[in-house]
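> Below are the chains, spelled out letter by letter.
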Amino acid sequence: MDLSFVILVEVLYAIASLVLISAGLAVVFGMMKVINLAHGEFMMMGGYATITAVNLGMNVFVAMLLIAPLVVGLIGLVVERLVIRRLYGRLVDTMLATWGLSLMFIGLATMIFGNTTTGISTPITGFTVGDYQINGYNFFIIVVSIVLVLCMLAVLKGTRAGLIARGTMQRSDMAAALGYSPDRIYMATFFCGSALSGLAGAVLAPLVGLVPTSGGAYIAKAFITVIAGGPSLIAGLVSSATSFGLVSQIFTFTISPVIGEVALLVAAVIVLRLMPQGITGRFFKGKL
Amino acid sequence: MSLNRREFLGRSAALTTASLLPYAAYAADTIKLGSVLDTSGIFDAYGKPMDQAMRLALKQINDTGGLLDRQVELMAYDTQSDMALYSQYAQQLTRQDQVDVVHGGILSASREAIRQTMRKSNTLYFYNVQYEGGVCDRNIFVTGVTPAQQVAVLVPYAMKKSGPKVHILAADYNYGQITARWIKKFVEDNGGEVVGTDFFPLDVSDFGSTVTKIQQTAPDLVVAPLVGGAHLSFFRQWAAAGMKDRIPLASTTMGVGNEHKVLTLEEGNGIMVAYNYSQELDTEANKVFKDQWQAEYGDTTSIHELAVSTYQGILLWAEGVRQAGSVEHDAVVEALETGISIDGPAGMVTLDPQTHHATLDVHIMEVENQGMTVIETLPQIAPVDTQAVCNLQENPDDNQQYEIQI
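Keeping their order, the protein sequence lines are chains H and L. In terms of the UniProt record's numbering, the first sequence has 22 at position 22, counting the first letter as 1, and numbering is strictly consecutive. In terms of the UniProt record's numbering, the second sequence has 114 at position 114, counting the first letter as 1, and numbering is strictly consecutive.
Hints were generated in silico from the structure; no laboratory data involved. Among the hints, a few may not be true.
Subject to a maximum C-alpha distance of 16 angstroms in a straight line, what follows is the list of computed EDC-like cross-link-like pairs (lysine to aspartate or glutamate) [what the hints assert, rightly or not]:
| id | chain 1 | residue 1 | chain 2 | residue 2 |
| --- | --- | --- | --- | --- |
| 1 | L | Lys160 | L | Glu296 |
| 2 | L | Lys290 | L | Glu280 |
| 3 | L | Lys244 | H | Asp2 |
| 4 | L | Lys213 | H | Asp2 |
| 5 | L | Lys261 | L | Asp245 |
| 6 | L | Lys48 | L | Glu296 |
| 7 | L | Lys213 | H | Asp131 |
Kindly generate the complete structure, drawing on both the sequences and the hints.
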């Protein structure tokens, strides 16, 4: 009983962390069709922003939930103005440019923070469930990702800004004809996507040690989740994170963590073989 | 002033010759020591202090009159944490610079990249890093600890303090795999039992499910030869789950690159380790060494085991050259094979003629307030793992890295 509860928490945590690391990419790549290979580095910068802010004496939650997304969002804004906006619609070129950006960010972070692993300890203590101890921070990550998904849903579905953004991504010429500036909307959307990546990096930072190359560990999982999710932004994100999180944790618990990681990749291959358009290409069609 | 082409060529030729002359004269009577280390890139936390330690040792040798009345000249290359550069610079050191000895290499992959080049060109090679053991080659000398040297000391101590059931978490490459086998052997030799073994690729940083799995096997002790920044997360997540006060931890790697200074007090305190060196060693030799380091670099916080190992490697080589009375390859190797020893910052280090590995003191320590408190010192532990497979006295032509079967 205790064990099944602990495993349930671990599964939910695995799903939540996949949602978290993929949310920013779902906006930038899923919505805007910009292949952002610097996604992992945006997360890494979110982590460093948090650690720096905490070391300057700021409350850790303010740093994670406010400062880091803001800082990374602003960096994203600069990147969009200088590089990305010249490359909309040119997939291969954006790929090359963002790969270059990722190398540049790694270099800059190394120059500023050095190469040693840094980190802050988790702000929430562990607690006991029967015979087991659970990391209390796991619950925090689960809550953050649920709130995140609800917020994205509310903004995209409930607000005028979300409607305009979605419309512009589908037919920017039509949006322009209606009097909106696609250039500005693209800019704002990229800001939001970067801020989400920064948030993910910030929230995960207390769990892992941070080095300038940390971003590389997330990029593959984020792309797999978003691509397997398919065309619908939120339904795709949630459904693919759920499937992959479940599969990887089942194998992790029954065999080993390494097999768990492999199972995630194999599951992704199978999903894309059966559903080349992603999960939401077949199910939940037309959902957001 | 205007120069025509002929004048310009003439003058620059003269200048070049002039600038080369003193160099050539100087170079002729120096001993050349080559170094290849990652002093930038992702391994610089290991490489930079090693480089500093090497320069400190050479400065001390040169300030006291050099070796054989000759100054030692350093030819140092930064391999930038890029494996390809190791082969390139190794070639450059042997062919172009024609050095008398090479010290360097950090990861096992870098050592293997250099080792064959050195062997072919008959250039003496020192590898000054803790590694997985088993290298058997008459041309190489190893001054770091091997798994058996640490595990043989650490496991009995940790088991005595906790209990007989052990769970092993190891990095999934040759170091972790081999060390895990040694841990299993010494756990069983001491009447214990391994209840679980998990291997993790180097980039795994999420240990949530592992923490749960360990609780399922309910061990008395967790031994963790985990490697690198991503694996450091384990210690953090273990503490965050509140496990640290329930099941004690021991590690053969945590702290080699000063990792314990990154963990907070509640995350690090109490982790048991065993190394040849720690900054907290309370010996006269260590105090002198730290003072010298302080005088040279202004700050001793970066000193770690690998740096001291490098320092001791240079001292051993220098002692070999002194006893041989020459820098000629075979003479130095023979001198080093006489069971030569030096007193380093971490105590006496003796070269084992059979394996060319070091016999040295190992200290059992516990992490305390981002330092390592020495609990017990075990003097002169031999590299038993490599001795089990390698005998250079009987097979001087041996050239391979044995995988030690236990």
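> Does the structure keep L:Lys244 and H:Asp2 at a Cα separation of 16 angstroms or less?
Between L:Lys244 and H:Asp2 the Cα gap is close to 20 angstroms, so the pair fails against 16 angstroms, i.e. violated.
> Measure nothing beyond the straight line between the CA atoms of L:Lys290 and L:Glu280; if it is 16 angstroms or shorter, mark the hint as holding.
10 angstroms, holds
> Need the status of pair L:Lys48, L:Glu296: alpha-carbon distance at most 16 angstroms?
14 angstroms, holds
> Given the proposed pairing of L:Lys160 with L:Glu296, does the C-alpha separation stay at or below 16 angstroms?
42 angstroms, violated
> Given the hint that L:Lys213 pairs with H:Asp131, does the C-alpha gap stay at or below 16 angstroms?
Given that 16 angstroms is the threshold and the Cα spacing comes to 12 angstroms, the pair holds.
> L:Lys261 and L:Asp245 were given as a pair; does the straight-line alpha-carbon distance stay at or below 16 angstroms?
Roughly 20 angstroms between the alpha carbons, so the hint for L:Lys261 and L:Asp245 is violated.
> Would the hint linking L:Lys213 and H:Asp2 be met if the CA-CA limit is 16 angstroms?
Distance ~13 angstroms between L:Lys213 and H:Asp2 Cα, so the pair holds.
Checked against the numbered hints given earlier, this structure breaks hints 1, 3, 5; the rest are met.
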